[in-house]
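Line order of the protein sequences matches chains A and B.
Residue numbers for the first sequence follow this note's numbering, beginning at 16 and rising by one.
Residue numbers for the second sequence follow this note's numbering, beginning at 292 and rising by one.
Derived from the structure by calculation, the hints contain no laboratory data.
Zero decoy hints are in this set.
Derived lysine-lysine pairs resembling DSSO-like cross-links, with alpha carbons at most 27 Å apart:
{"#": "1", "chain 1": "A", "residue 1": "Lys108", "chain 2": "B", "residue 2": "Lys425"}
{"#": "2", "chain 1": "A", "residue 1": "Lys94", "chain 2": "B", "residue 2": "Lys425"}
{"#": "3", "chain 1": "B", "residue 1": "Lys425", "chain 2": "A", "residue 2": "Lys40"}
{"#": "4", "chain 1": "A", "residue 1": "Lys31", "chain 2": "A", "residue 2": "Lys108"}
{"#": "5", "chain 1": "B", "residue 1": "Lys421", "chain 2": "A", "residue 2": "Lys40"}
Computed Cβ-Cβ distance ranges for the label pairs, DEER-style:
{"#": "6", "chain 1": "B", "residue 1": "Asn376", "chain 2": "A", "residue 2": "Ile136", "range": "41 to 47 Å"}
{"#": "7", "chain 1": "B", "residue 1": "Ser315", "chain 2": "A", "residue 2": "Asp128", "range": "41 to 47 Å"}
{"#": "8", "chain 1": "B", "residue 1": "Arg467", "chain 2": "A", "residue 2": "Glu134", "range": "52 to 58 Å"}
It should be emphasised that the depicted structure is a prediction, and the values quoted were computed from it without experimental measurement.
We put the beta carbon where it would ideally sit given N, CA and C, even for glycine.
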Amino acid sequence: MVGINIEATKSTPEIKFAGNTLTIKGQSYPENSVGFYAPVFAWVDEYLEELDEGKAIFEFNLIYINTSSSKCMMDFIDKLQEAFSRGKQVMIKWYCDPDNESLLECAEEFKEDVEFPFEIILV
Amino acid sequence: MVLKESLTDLKSKLVEHGILLTFSGPFSQEIIEVLGEAIQKHIMSDDNIKSNTLNVFSVFIEQTQNIRNYLGSKRFENELPGFLNSGMVTIGKAGDRYFVASGNMSKKEDARALADRIEELNGMDKGQLKAAYKSQLKKSRIVVDEEPGGAGLGLLEVARKASAPIECSIVSKNERYDYITINVYI
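Next comes chain A alone, as it looks inside the complex:
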């Protein structure tokens, strides 16, 4: 299927797909988070649908996300959990600066609810 390739702006992260990995990198505080993430989620839905035996990796490498983006991330993670429940092999690698307490805590909160592999990597 067609990949996804969104360049970063001041308030939105870079979102790229390569191999079997979707990477979300940068800052996220768009004017309308739901509007920004809607096409990304639509792509993820389609990708997960087509995923057979393969493994899908989702890498988060974020510096700052506002509260409405956190909501979107929560929805995103729910989506992955739902796919995992249907037998899809998904995993999250969440890269985080150990000094960035807010995001580290955020990642730990997200991780609490999931059953699929969710790795927090301190960099």
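Take the given structure of chain A and dock chain B to it, following the hints.
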């Protein structure tokens, strides 16, 4: 001449209150981004208070986006042109702490509701705020951005980052509108 004098006066007031950056006017996403970038540069060069750089930025973003959403929600008639449409935000330093102060015009009932909510949050400790944030995050998993403050997370986030009770003051402008000012020490 008058303008020149009042600008000098304004500048002295800004210095006196430790204000590093201030903006007054219509908030747009572009303005928020440019100011946000300035804050990141300004504060990141301050080695004394490095650990909470992102907290200052976070409070700034939540406060300004809240104001933008509120004033942009098209619930206002053109009663006080200019004033109604615009917000104000200020970032300053008091001792070894930063503060983010913001102000905007508000319907009286909304100002009251916000002041009550702030009082409620001020009465909660860090653990309670964290628990409230988590339950709010997980409660309504569909985000409705059109509804200003709908997610209710912004103010909780601000309260979590605050290092002192949030200060809130309301000044009556006319029978329907107040000017509400919120000051957060980080």
